[in-house]
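These protein sequences, in sequence, are chains A and B. To convert, take the position in the first sequence, counting from 1, and add 141; that gives the working numbering. To convert, take the position in the second sequence, counting from 1, and add 1423; that gives the working numbering.
Among the clues, some could well be false.
As the list claims (entries may be wrong) - Now the stretches of chain A that chain B is said to cover, found in silico as 3 or more residues with beta-carbon under 8 Å: (1) 191-199; (2) 305-315; (3) 324-335; (4) 366-373.
Hints in this document: simulated from the structure, not taken from any laboratory. Note that CB positions come from ideal geometry on N, CA and C, so glycine has one too.
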Amino acid sequence: MCTDCGCPPPEQHHHGHQHDPKHGSRHHDHDHLDRGNVGADTRTVRIEEDLLAKNNRLAAANRELFRRHQLLVLNLVSSPGSGKTSILERTLADLKEDLAFAVLEGDQQTAHDAERIAATGVPVQQINTGAGCHLDAHMVGHGVEHFDLAHTAVLFIENVGNLVCPAAFDLGEECKVAVLSVTEGEDKPVKYPQMFRAAEVLLINKIDLLPHLRFDLEKCKAYARQVHPGIRIFELSCHSGAGMAAWYDWLREGVQKKKI
Amino acid sequence: MTFLRRLISLAAGARSVGVSGMHELGITQSIIDIAGRNAAAQGATRVLSVTVEIGLLSGIVPDAVEFCYDACAAGTLLAGSRLIVRAIPGRGRCGDCGGECPLDPYTFACPACGALTLERLAGEELRVIELEIP
Ligand SMILES: Nc1nc2c(ncn2[C@@H]2O[C@H](COP(=O)(O)OP(=O)(O)O)[C@@H](O)[C@H]2O)c(=O)[nH]1
Ligand SMILES: [Mg+2]
Ligand SMILES: [Zn+2]
Ligand SMILES: [Zn+2]
Ligand SMILES: [Zn+2]
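Model the full structure from these sequences, guided by the hints.
Right under this line is the structure:
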């Protein structure tokens, strides 16, 4: 099968979607290329190409693949340590009898998180980004080659722990789910507005710790809504289980909507 | 993967530019890829300058891109070329009162009426605009 990225498919010969450079540029979106101005002895070539165009094209291909399989895909983003992996572990353990899950784990180095997910028995694929600070649509497109998508209902993507750049990279997901724990500042939404604007859902995690902290939950929610008026907020603790039921209902509802 | 090696060797330096320094490395690499492909299509053997637009709401720090540029360009058609950054200020329009206003990443409310319904008109650009070749 020809993949959209131009990489040779696994175990098959590459049968060339790489364009010859002379044609390549015309093939894409710059018919203004030849409008070059001739200066003294230099030429200006108009390009006007979006830096994220390649990622967005591959994200659209992923989205189409996910649509075909009626798959609910959620991209989990947060600072390191907010509890993305813990929320996944708990959610998978509680719901895996009802829903078929798969998990892509983005991590800079280790496979620790993937091992934690594997322990739940749910299919997991590790993407090591090395020095890279975010997942991109290309990595995800290859990551899901390892799953039986036709028999999967929900794909979770745990992004690299970073509230800055995963905001800019569409992976083809249904939506981004931001996780913020009560041990962080309640003003994170206004400090990292790009991310909280990009996320449709906010999970405020570790509420079991509230009695020990001075975290102002209402203020945190107000900040989040200031940045993103329609954001959906769940308060929960994956340790105590408080608030998890509402999140599960939202997940089930999302899966149902995909089937229509 | 020469890019990966370059990325790792640059990591320490880029970090000093700011939290998102690593990220600009990837963006800078995209600039090199797009400009290099277009320069090659024109039959150019070298490039004098590359002009990019970076919106100030894009989350990309122009200084960090400039910091990475020479190292990313080394060994490519772009080696020795000059990066020209046009920074595009943010502008928004209020969904309630219709007024337009300047936006920075931390502007959430319309300065005229206080509504949180600002639509972004400019400032999210991340584009390679043009090349100058001999
Ligand atoms: N008290 C408490 N600790 C939690 C909760 N969720 C996660 N943690 C702890 O927070 C730490 C980081 O969690 P992890 O899931 O690895 O975060 P990630 O980096 O976002 O994947 C771990 O020590 C977890 O045990 C919670 O609901 N309550
Ligand atoms: Mg984790
Ligand atoms: Zn590929
Ligand atoms: Zn990044
Ligand atoms: Zn207004």
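Hints, one by one, checked against the model:
no. : hint    : in the structure
1   : 191-199 : holds (count 4)
2   : 305-315 : holds (count 4)
3   : 324-335 : holds (count 3)
4   : 366-373 : holds (count 4)
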